[in-house]
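Residue numbers (this note's numbering), protein chains in the order written: chain A, 1 to 443; chain B, 1001 to 1258.
Certain hints may be false.
[To be verified] One side only, chain B facing chain A, incomplete, derived with CB under 8 Å:
(1) MET1050
(2) HIS1052
(3) LEU1070
(4) GLU1073
(5) GLY1094
(6) ARG1102
(7) SER1103
(8) ALA1112
Because the hints were derived from the structure by calculation, they are not lab data. Ideal placement from N, C-alpha and C gives every residue a C-beta, glycine not left out.
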Amino acid sequence: MQEKPKVSVTRTRRDSAAREFPFTADSIPAGGLKDVRAKAWDAFLKFSMPITTDEAWRRTDLRLLPASDFMIPSEDAFQDLPAVPEQLLQPLTGEQHGGQITLLPGGSRVELDPDLVSKGVIFTDIRTAEREHADLLHRLAGTIVKPEDGKFAALATALAGNGVLLYVPKNVQVETPLHSVLWGPGVDLAHFSHLIVYVEDGASVTYVHEAASPNETGHAMHAGIVEIHVGKDANLRFVELQSWGRHVWNFSHERAHVERGGNLDWIFGAVGSRLTKNFSDLDLAGEGAQGRMSGFYFTDGTQHLDHDTQQNHLAPHTTSDLLFKGALKGKSRSVWQGMIYVAPGAQKTDGYQANRNLVLDDQARADSIPGLEILADDVRCTHGATVGKLEQEPLFYLKSRGIPQADAERLVVEGFFDPIMQRIPFEGVRERFQQAIKDKLAG
Amino acid sequence: MSQLEIKNLHVSIGDKEILKGLSLTINQGEIHAIMGPNGTGKSTLAYTLMGHPNYTVTSGEVIFKGQNVLELEPDERSRAGIFLAFQYPVAIPGVTVANFLRSALNARRRAANPDDKGMPIPEFRKMLKEKMDTLKMDHAFAGRYLNDGFSGGEKKRAEILQMAALKPEIAILDETDSGLDIDALRIVSEGVNALAGPDLGVLVITHYQRLLNYIKPNFVHIMLDGRIVESGGPDLALHLEEHGYDWVREKYDGVPEG
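Only chain A is shown next, with the shape it has when bound in the complex (with noise of 0.2 Å):
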């Protein structure tokens, strides 16, 4: 793909105080996390806002957030905006949920069955973990994540009173997924989370976390952290969903480690918000780990899409699979920038990447950026990256069958897609995206 000429407007740039995030020291929740947000309140000061020389950041440009107009939604705030929509809370995988955390503007509520309680699960909103399991919550928040990890990390470790704790003892099995949504309403507010997803040695559990709101004119924002331990042995199926409204700006730094043995299953899912930045870090760091990270785009308009993700072999014999397909309509744009590491001495490594575009308009741009960065000599490490545009005899061949051109288009796209589809192990989920896919192209 060809760079398009840079043009550097310097006059019509905000000037840096009207840049800055008006929040202080003050707007720390209290609780019982009061020290790990203080030290990541002190980190936050440090980082400057990210800007385009930085490697980070080179493809993705923050000039337009209009950082100093957001503010931290009050208590209760959620009962004057729009209400989570019955369909975000149905089950996603299986027949019934159990447990599910509705995370909102000032506010949550929790339900979790009481099996899994006197299983010793624990599945609650940050500010009842804060109470309820302190010296918990005190051990493993900002342990995977750090504050140094980058400012919008910093900002959401120090800030947010909204997140979830998900614990599952020794060996534990727990049958029925656990559900969270995150409801983020509203204009000018910041809508900071804290997921910690900590499984125990043999245990295994199946979460489901969606983070929505309803398009709105203005903008909003939403940092995020997600702390994930999958403990040796240990099963972890995870899906993340991004529904954000086309007003809000996104961010998130999220990491999981996967100890000797472990299994993580990470999905990926995201077709909203105006503007995503997201690390997702895989940690295999115990023997014989494995990791699976499968991603689903779409993006139309002028949404902007910005996946990077790093698959880090720190041990023997560990498997990672990562797969990242997206389509882009309109003038929309992604990025995804991933890398996989070998540490010295994490021999019989294995680790493939790839990462697939489908670009659907000729205003609409990917860019795809592999990497691999070895220091074992015994490994076995693939990668691949293609953007690739909806060609002609494909959809010729379907229309000469009677297959008007909408639907052909449809049949091509979902073809494309089906590679994710295939790794994705629940129903549910499958059909969120189909439905997704039949949105954007109808849109």
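Based on the hints, put chain B in the right spot on chain A.
Coordinates of chain B only, in the frame set by chain A:
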């Protein structure tokens, strides 16, 4: 009775004229064969009849059931009853044969009745299995991605399977014999013959006489340099097999372009 009437058809790719005044009428129930050397415009005729966007019709017309086919989109031509068995069927990764065929059948139903809910799945499966059985295809074929990694024989069988399911009134078979061994050729031909009858007009485009041992034409036409230069009965094909195309070239070489 439906009739496909091609009148004085001129077709170009870019600036190059390929078809130079081709006329031919095919009635339902008839089997026509067009034979000719490579590069004479046989596949151009097939693609043009189906409406491929790379081919520009500069003059002439194609009339089918009272409609000017050239004004229709490829999908409209298909739904009107025209079918093209491709020489090189296109792979559609991620779309199964079954999903594709159901989409094609439902597009027909929806064109006839916008409120149609689509063919019930059990009915569709039963139909598909029956058609696959007549073409000696493994039922697992329905779950494979369309033409993706198919052998030459599988691709051609899949084309005939589509023809059987879509029940066209006029079928154009573009070099359906190419790339087939003798067993596959027999199976594909039997498939076509099973569909042939008073309701189907067939245009077989082929370089070799071989296919015509299996699909018996009523009429044989020889095409040269974008035109039909000789027409006759089945014996014309046999004559070609014996004598090759040289006599045709000698006879018509240097004929001024019309």
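Verification of the hints:
1. MET1050: holds (5 Å)
2. HIS1052: holds (6 Å)
3. LEU1070: Cβ of B/LEU1070 sits 15 Å from chain A, so the hint is violated.
4. GLU1073: holds (7 Å)
5. GLY1094: holds (3 Å)
6. ARG1102: violated (10 Å)
7. SER1103: At 6 Å from the nearest chain A Cβ, B/SER1103 passes the 8 Å test, so the hint holds.
8. ALA1112: Hint violated; B/ALA1112 Cβ to chain A Cβ min 11 Å, cut 8 Å.
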